[in-house]
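Enquirer: Sequence:
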Amino acid sequence: MKKKFSFKIKLDVFLLILLLIISSVLLTFSGGRFIVDFKSVGFSVAAGTENAVHSISSFVTDAVSAVRELAELRSKYVALSEKLKDYELLQRSNADIRRENRELKELLGFADTITYKNIPAQVTGFDPDNLYSGIIINRGTKHGVRKNMPVLAFQGSNVGLVGKIVQTGRDSSMIIPIYDYQCYVAASVQTTKHRGLINGQGTADLPLIMKYVQKRAKDEIAIGDRILTSGENNLFPKDSPIGIITGIKVHDYETYLELAVQPIIDFSRLDYVFVLNLSGSDGEAAQ
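Remember, this note's numbering sits 203 above the position in the sequence shown when you count from 1.
Among the hints, erroneous ones may be present.
Pairs of lysine-lysine residues, derived as DSS-like cross-links and limited to a Cα-Cα distance of at most 27 Å, are as follows [unchecked claim]:
{"no.": "1", "residue 1": "452", "residue 2": "421"}
{"no.": "2", "residue 1": "396", "residue 2": "418"}
{"no.": "3", "residue 1": "441", "residue 2": "418"}
{"no.": "4", "residue 1": "367", "residue 2": "345"}
{"no.": "5", "residue 1": "396", "residue 2": "414"}
{"no.": "6", "residue 1": "286", "residue 2": "320"}
If you anchor each label on the Cβ, the simulated ranges turn out as follows [as the list claims (entries may be wrong)]:
{"no.": "7", "residue 1": "417", "residue 2": "319", "range": "24 to 32 Å"}
{"no.": "8", "residue 1": "359", "residue 2": "449", "range": "43 to 51 Å"}
{"no.": "9", "residue 1": "345", "residue 2": "279", "range": "14 to 22 Å"}
{"no.": "10", "residue 1": "472", "residue 2": "279", "range": "36 to 44 Å"}
{"no.": "11", "residue 1": "266", "residue 2": "292", "range": "54 to 62 Å"}
{"no.": "12", "residue 1": "409", "residue 2": "345", "range": "19 to 27 Å"}
{"no.": "13", "residue 1": "359", "residue 2": "481", "range": "21 to 29 Å"}
{"no.": "14", "residue 1": "474", "residue 2": "319", "range": "14 to 22 Å"}
{"no.": "15", "residue 1": "345", "residue 2": "417", "range": "28 to 36 Å"}
{"no.": "16", "residue 1": "384", "residue 2": "435", "range": "35 to 43 Å"}
By construction, these hints were calculated from the structure, which means they are not laboratory data.
Keep in mind that this is a model prediction, so the values were computed, not measured.
A virtual CB, placed ideally from N, CA and C, is assigned to each residue, including glycine.
Work out the full structure: start from the sequences and follow the hints.
Expert: Quick look at the structure:
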């Protein structure tokens, strides 16, 4: 009996200790440490996901903003480019206006020095039928222009003969230039007064040819001498500059010299001309 009681006491003690251990474990669990850990893990996962979503959203937002700003910058660039073109065009226009004003002032000054009544005109085109190497101007019979009137031009500081009027209309006329092969001009060498007859070779790219200059003048004429109108037949005003001697030919079978003459006027840049009225009257001018 005594042994049985002793064993029962030991068993009771064992059970008490076990219950104390279990109670301790349960108290530990009930302290919330595991629950807090689970919550921390869940919070970390949720926070990471939220950060990732926020980063992606920010990237997309920034990309859209960047595209929008790029489109706005491109639009502004195009607008500024158009304004720059307009500004450059305005600058060129202003430069052209200043140039034209300067040229017109020079032309007006030149017109005042001409002793003959003159009609300023602007070159507007060329002969469409190629009957002549014609130059069309914007003055006609209503402005006083008549057939065979001589035409001069002023370029820089140079004055030179352009040709003569061969056709007239009410508001326009045509000039046959001195480089046309059908145009003949009585001329003389400025330094020696030796005379000859000038005509062209059909194009402004080739020099004029002066013929019938006496051979004995060979030693008196030099390259660089100026050729002027001689004023014969009163068709062209006397002493109007024509060109510069650039070549001298002597043909054994002929009794005359042949001179190559470069026109003073650059016909490729011809813009304004002056039609001269040598009679000093208005002639057929109409109002």
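Enquirer: Would you mind marking each hint as holding or not holding in the structure?
Expert: Evaluation of the provided hints:
With a CA separation close to 9 Å, the supplied pair residue 452 and residue 421 stays within the 27 Å bound. A hinted pair counts as satisfied when its Cα atoms are at most 27 Å apart, and residue 396 with residue 418 qualifies at roughly 14 Å. Restraint check for residue 441 and residue 418: the C-alpha separation of about 24 Å stays at or below 27 Å, so the hint holds. Between residue 367 and residue 345 the alpha-carbon distance is near 18 Å, which keeps this suggested pair within the 27 Å criterion.
Only pairs whose Cα atoms come within 27 Å are accepted, and residue 396 paired with residue 414 is accepted, the gap being roughly 14 Å. Between residue 286 and residue 320 the CA atoms are separated by roughly 48 Å; this puts the pair beyond 27 Å, and the hint is violated. Checked against the hint of 24 to 32 Å, the pair residue 417 and residue 319 passes, with Cβ atoms roughly 31 Å apart. At about 19 Å, the CB distance of residue 359 to residue 449 disagrees with the hint of 43 to 51 Å.
Between residue 345 and residue 279 the beta carbons are some 54 Å apart, a value that contradicts the proposed interval 14 to 22 Å. Here the CB-CB span from residue 472 to residue 279 is close to 42 Å, well matched to the stated 36 to 44 Å. At roughly 39 Å, the beta-carbon separation of residue 266 and residue 292 lies outside the given 54 to 62 Å, and the hint is violated. Between residue 409 and residue 345 the CB atoms are about 36 Å apart, so this pair departs from the stated range of 19 to 27 Å.
Taking 21 to 29 Å as the suggested C-beta distance range, the pair residue 359 and residue 481 conforms, at roughly 25 Å. Range check, residue 474 to residue 319: Cβ separation about 21 Å, and the 14 to 22 Å hint holds. For residue 345 and residue 417, the hinted distance range of 28 to 36 Å is not satisfied, since their beta carbons lie about 45 Å from each other. As the Cβ distance of residue 384 to residue 435 is approximately 20 Å, the hint placing it in 35 to 43 Å is violated.
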